[in-house]
Amino acid sequence: MVATENFVGRPILRKEDGDLLTGQARYVDNFTMPGMLWMSLVRPPYVHATIDSIDTSAAASMPGVVGVYTGADLGLGALPFVWPITEDIKVPVHYPLATDKIRFAGDAVAVVLAETRAQAEDAAEAVMVSASELPAVTDMRDAIKDETVIHDDLGTNIVVHWSHGGGGDQSVFDSASVIVEETYDAPRLIPNAIEPRGCLAYGVAAMDEWTLISATQIPHIAKVTLCGVVGIAESKFRVIAPDVGGGFGSKLDVYAEEALALALAKRSGRPVKWIEGRQENYVATIHGRGVSHDCTLAGDESGKILGLKFVELADMGAYFQLLTPGIPELGAWVYMGPYKPEAYWYEFKGIVTNATPTDAYRGAGRPEATYVLERLVDSYARKIGKDPAEVRRMNFHEPFDVATTSIMGLQVDSGNYEPLLDKALELAGYDQLRKEQQARRDRGDAKQLGIGLSSYIEMCGLAPSNILGALRYAAGGWDGATIECLPSGEVIVKTGTSPHGQGHETSWSQIVADGLGVDVDAVEVLHGDTMITPLGMDTYGSRSVSVGGAALHFAMEKIKEKARTIAAHELEVSEDDLEWADGSYRVQGAPDKARTIPDLAVSAWHAHDLPSGTEPHLNATAVYDPPNFTWPAGTHICVVEVDTETGATDIVKYVAVDDCGNVINPMIVQGQVHGGVAQGVAEALYEEAIYDDGGNLITSSMTQYLVPTAVEIPSMVTDNSQETPSTTNPLGVKGIGEAGTIAAPPAVVNAVVDAVSHLGVTNVGKPASPERVWRAIQDARGGAA
Amino acid sequence: MTNVSVNVNGLSREADVEPRTLLVYFLREHLGLTGTNVGCDTSTCGSCTVLLDGESVKSCTMLAAQVDGREVTTIEAMADGDTLHPIQDAFHRNHGLQCGYCTPGMIMAAASYLKENPTPTEEEVREALAGNLCRCTGYQNIVKSILDAAGSLSGVKV
Numbered sequence: 001m002v003a004t005e006n007f008v009g010r011p012i013l014r015k016e017d018g019d020l021l022t023g024q025a026r027y028v029d030n031f032t033m034p035g036m037l038w039m040s041l042v043r044p045p046y047v048h049a050t051i052d053s054i055d056t057s058a059a060a061s062m063p064g065v066v067g068v069y070t071g072a073d074l075g076l077g078a079l080p081f082v083w084p085i086t087e088d089i090k091v092p093v094h095y096p097l098a099t100d101k102i103r104f105a106g107d108a109v110a111v112v113l114a115e116t117r118a119q120a121e122d123a124a125e126a127v128m129v130s131a132s133e134l135p136a137v138t139d140m141r142d143a144i145k146d147e148t149v150i151h152d153d154l155g156t157n158i159v160v161h162w163s164h165g166g167g168g169d170q171s172v173f174d175s176a177s178v179i180v181e182e183t184y185d186a187p188r189l190i191p192n193a194i195e196p197r198g199c200l201a202y203g204v205a206a207m208d209e210w211t212l213i214s215a216t217q218i219p220h221i222a223k224v225t226l227c228g229v230v231g232i233a234e235s236k237f238r239v240i241a242p243d244v245g246g247g248f249g250s251k252l253d254v255y256a257e258e259a260l261a262l263a264l265a266k267r268s269g270r271p272v273k274w275i276e277g278r279q280e281n282y283v284a285t286i287h288g289r290g291v292s293h294d295c296t297l298a299g300d301e302s303g304k305i306l307g308l309k310f311v312e313l314a315d316m317g318a319y320f321q322l323l324t325p326g327i328p329e330l331g332a333w334v335y336m337g338p339y340k341p342e343a344y345w346y347e348f349k350g351i352v353t354n355a356t357p358t359d360a361y362r363g364a365g366r367p368e369a370t371y372v373l374e375r376l377v378d379s380y381a382r383k384i385g386k387d388p389a390e391v392r393r394m395n396f397h398e399p400f401d402v403a404t405t406s407i408m409g410l411q412v413d414s415g416n417y418e419p420l421l422d423k424a425l426e427l428a429g430y431d432q433l434r435k436e437q438q439a440r441r442d443r444g445d446a447k448q449l450g451i452g453l454s455s456y457i458e459m460c461g462l463a464p465s466n467i468l469g470a471l472r473y474a475a476g477g478w479d480g481a482t483i484e485c486l487p488s489g490e491v492i493v494k495t496g497t498s499p500h501g502q503g504h505e506t507s508w509s510q511i512v513a514d515g516l517g518v519d520v521d522a523v524e525v526l527h528g529d530t531m532i533t534p535l536g537m538d539t540y541g542s543r544s545v546s547v548g549g550a551a552l553h554f555a556m557e558k559i560k561e562k563a564r565t566i567a568a569h570e571l572e573v574s575e576d577d578l579e580w581a582d583g584s585y586r587v588q589g590a591p592d593k594a595r596t597i598p599d600l601a602v603s604a605w606h607a608h609d610l611p612s613g614t615e616p617h618l619n620a621t622a623v624y625d626p627p628n629f630t631w632p633a634g635t636h637i638c639v640v641e642v643d644t645e646t647g648a649t650d651i652v653k654y655v656a657v658d659d660c661g662n663v664i665n666p667m668i669v670q671g672q673v674h675g676g677v678a679q680g681v682a683e684a685l686y687e688e689a690i691y692d693d694g695g696n697l698i699t700s701s702m703t704q705y706l707v708p709t710a711v712e713i714p715s716m717v718t719d720n721s722q723e724t725p726s727t728t729n730p731l732g733v734k735g736i737g738e739a740g741t742i743a744a745p746p747a748v749v750n751a752v753v754d755a756v757s758h759l760g761v762t763n764v765g766k767p768a769s770p771e772r773v774w775r776a777i778q779d780a781r782g783g784a785a
Numbered sequence: 001m002t003n004v005s006v007n008v009n010g011l012s013r014e015a016d017v018e019p020r021t022l023l024v025y026f027l028r029e030h031l032g033l034t035g036t037n038v039g040c041d042t043s044t045c046g047s048c049t050v051l052l053d054g055e056s057v058k059s060c061t062m063l064a065a066q067v068d069g070r071e072v073t074t075i076e077a078m079a080d081g082d083t084l085h086p087i088q089d090a091f092h093r094n095h096g097l098q099c100g101y102c103t104p105g106m107i108m109a110a111a112s113y114l115k116e117n118p119t120p121t122e123e124e125v126r127e128a129l130a131g132n133l134c135r136c137t138g139y140q141n142i143v144k145s146i147l148d149a150a151g152s153l154s155g156v157k158v
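So the protein sequences, as listed, match chains A and B.
For the first sequence, the working numbering assigns the number 1 to the initial residue and increments by one for each residue that follows.
For the second sequence, the working numbering assigns the number 1 to the initial residue and increments by one for each residue that follows.
The hints are simulated quantities; they were obtained by calculation from the structure and are not laboratory data.
Owing to the predicted nature of the structure, the values given are computational and were not obtained by experimental measurement.
Keep in mind that the hints are not guaranteed to be accurate.
[As the list claims (entries may be wrong)] Here's a subset of chain A near chain B, in silico, CB distances under 10 Å, partners left out: (1) Pro-11; (2) Pro-34; (3) His-151; (4) Gly-155; (5) Thr-156; (6) Arg-278; (7) Gly-501; (8) Val-711.
Idealized CB from N, CA, C, for every residue including glycine.
With the hints as extra help, turn the sequences into a complete structure.
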């Protein structure tokens with residue numbers, strides 16, 4: 001079917017929904033195989049301890065148990081870590097099973113294989129581990145003292161110091177008339193994809209061919225890295241990401257359990273399945289954030305920001321996972337935000353602790369950076385007695401539509417920041433809100449109004465491979481696309497991105513339908529299987545549309561070039577006489593003489609009369625390496641009511657104005673903003689992984705860790721109408737997956753502080769729980785809290 | 001082993017299960033009804049919500065043995081052939097799902113709730129969903145879907 005309408009830019013309903021709505025989804029836990037065994041890990045109740053002995057004999061004789069294995073039994077390679085960000089970084093060695101020391105609560109020391117899940121879990125509890133406890137250091141401010149060194153061979157817990165170095169005239173930090181200094185902490189967060197992790201490994205031993213079905217965001221990266229850990233030929237190894245129930249960075253990793261399931265499938269010759277429990281997830285799957293910043297802003301009395309300085313401490317956890325120390329570095333490039341400081345400084349130290357490894361959590365470095373910058377800007381505005389909206393306005397970088405080098409050293413593709421602020425102020429009814437706020441203050445109401453702003457830029461579209469190389473990242477940032485036009489009229493799209501809720505099947509179909517002049521339903525998008533789509537770098541960092549989507553564009557260019565050659569041959573004209581219009585190649589001046597892509601797919605398939613030198617079949621592959629990142633921007637405004645008697649915060653209005661470049665599907669974009677903002681609100685008001693003095697995670701299940709419900713999350717007003725095209729890619733797209741998570745935390749906490757600033761409160765820690773708010777009010781009043 | 005006999009989605013199903021078998025694992029592993037998902041160990045997330053004698057329950061909070069002789073409805077029985085149930089259809093039209101993992105539980109919770117309160121307000125829907133967690137949608141389009149379904153369900157038996 002030929003379509004002449006445009007699909008891009010319209011809220012096309014999702015193709016993905018049918019199976020998900022009717023209980024037919026293919027999450028990894030829904031797969032079962034004949035002869036399948038279950039794997040369970042032995043995670044002893046220690047946080048930091050030297051292993052003295054592991055007795056597996058009782059477990060091995062339990063019903064249904066096929067085998068119990070320690071790290072020494074399996075002899076696997078170390079788990080992958082791919083971002084040694086400095087030459088002198090100290091890298092903790094990380095094996096799938098600990099053999100010498102237990103270094104965090106998720107460290108497993110043995111693994112059980114049994115006929116059923118219950119038998120495997122029962123036997124795992126019967127493995128006797130004798131260990132000598134060591135002091136547990138889960139707070140990085142303790143770990144930095146090096147009184148207890150967690151990796152003896154490294155000699156210190158301070159494993160990396162990365163400095164971006166300074167830019168501009170550093171003397172402003174001494175000479176400026178206004179200096180604002182603040183320390184902001186961001187606690188550890190637990191990602192909480194509602195589907196826990198899990199995997200199923202199987203193969204044909206005689207052929208030495210192995211497959212891993214895994215709840216992962218990164219089947220391609222998992223394939224490249226796991227074959228070395230387990231000892232499988234890359235050419236005989238296939239990774240499948242089936243339907244995946246959310247990731248948020250927590251499945252952007254290669255985990256011990258994936259390596260163990262593969263190794264045990266090889267060893268047993270039977271399929272091996274592992275499904276993570278939620279409490280297991282809380283200790284064994286990566287955490288996010290866990291940073292602290294000392295911040296300095298140098299400015300003048302008029303509101304002009306002259307210099308920004310950030311010195312960060314980042315909690316790495318007990319080991320490096322795939323990217324761990326790279327996360328602060330990902331944020332390093334957005335500390336100037338949408339502003340134009342004359343000078344900056346950024347550096348961070350990474351500290352090993354006895355807590356779960358940290359790694360990418362939605363936003364990955366950029367929420368950390370944006371939070372401290374936007375809190376600092378508000379603090380500055382308060383100090384000089386200016387409206388925070390006006391301080392932002394007077395410091396915005398002027399609009400630009402050609403790539404411009406920022407003071408942080410990377411080229412920003414395009415930006416127009418002030419209209420985003422204006423739109424947000426208008427949608428929020430800002431002036432009226434300020435009047436209402438003043439009236440409540442004048443009346444001394446118990447419930448005070450707070451208005452919080454956050455203006456941000458993002459760095460998305462990971463990433464130009466040459467820049468990744470310069471940053472010492474081990475892989476590239478390209479992505480692949482293959483398009484096949486079938487004689488039936490269907491168009492198969494094989495993408496290297498690996499969606500887990502983002503709706504790529506729908507958005508990619510829209511892009512291809514417009515590009516090739518076919519109906520959106522004629523396009524079938526395949527993804528998440530390294531055998532079907534071998535060329536890929538997967539989904540994270542708001543990269544999918546700006547890299548994988550752009551790859552579609554270049555594959556379509558090749559398709560159309562070949563199609564044009566065939567069309568000219570069939571229509572007996574020169575290629576120059578053809579124009580691409582209304583979804584077909586037609587002879588200029590004779591629009592009746594035309595060939596559509598489906599027409600030409602048939603010609604290319606039967607190949608009865610192809611022009612000389614043209615290969616049969618209308619298909620093409622493109623691998624696209626982006627020349628630059630993409631840089632979305634926006635302003636969010638949060639309005640809260642704070643009960644000054646209890647400290648409780650209620651969000652009464654939330655406005656998100658985001659410029660993500662050209663929008664492919666506004667419904668999906670809006671959904672991404674909703675979800676991102678919800679996670680940002682969660683971070684601002686509710687969520688925090690808390691450890692006790694013994695290093696035990698107190699918030700160890702969903703009953704203690706406050707994942708917000710529909711009651712806590714506000715209804716949001718979103719606007720994506722400003723579409724400043726990216727100059728990086730031909731689609732002009734920038735990315736939207738993380739914007740909400742980046743923008744929301746400072747908007748919300750700024751609103752909370754704003755609500756009580758007239759009482760003398762200048763800072764409330766994150767999450768701004770009722771207790772924290774109440775204590776801040778009491779402290780400001782000088783009362784005994 | 002305990003013998004349980006349950007009417008599941010209109011069919012009489014019988015199995016010998018370990019006494020400790022939870023309803024959700026009875027559905028998933030004994031009956032192969034994998035549409036009902038498991039998201040936590042603590043009956044917090046609501047992904048496993050099904051209808052028991054027409055009312056929503058978290059199927060990880062009950063033993064299979066407890067539902068002996070009763071009626072269970074799961075997500076697999078909501079659509080009528082290729083025709084989506086009005087709640088499923090509303091989720092589709094309002095982008096009420098992203099990764100889809102919480103979705104069956106949300107739909108079953110909504111089905112039960114809309115029977116109790118066919119014309120809820122937004123606030124009431126939000127309160128009614130307090131036992132079901134979603135990490136993708138920020139709940140906004142889930143709430144919108146359920147309000148939309150409430151409208152189109154008037155007169156339709158859930």
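Tested hints:
1. Pro-11: It holds, given that the least Cβ distance between A:Pro-11 and chain B is near 8 Å, below 10 Å.
2. Pro-34: Given a least distance of 14 Å, the restraint on A:Pro-34 is violated.
3. His-151: With a minimum Cβ separation of about 31 Å from chain B (threshold 10 Å), the hint on A:His-151 is violated.
4. Gly-155: With a minimum Cβ separation of about 39 Å from chain B (threshold 10 Å), the hint on A:Gly-155 is violated.
5. Thr-156: At 36 Å from the nearest chain B Cβ, A:Thr-156 fails the 10 Å test, so the hint is violated.
6. Arg-278: Nearest chain B Cβ about 4 Å off; hint holds.
7. Gly-501: Status holds, d = 3 Å.
8. Val-711: OK, holds: A:Val-711 within 10 Å of chain B, min 5 Å.
Checked against the numbered hints given earlier, the structure breaks hints 2, 3, 4 and 5 and satisfies all the rest.
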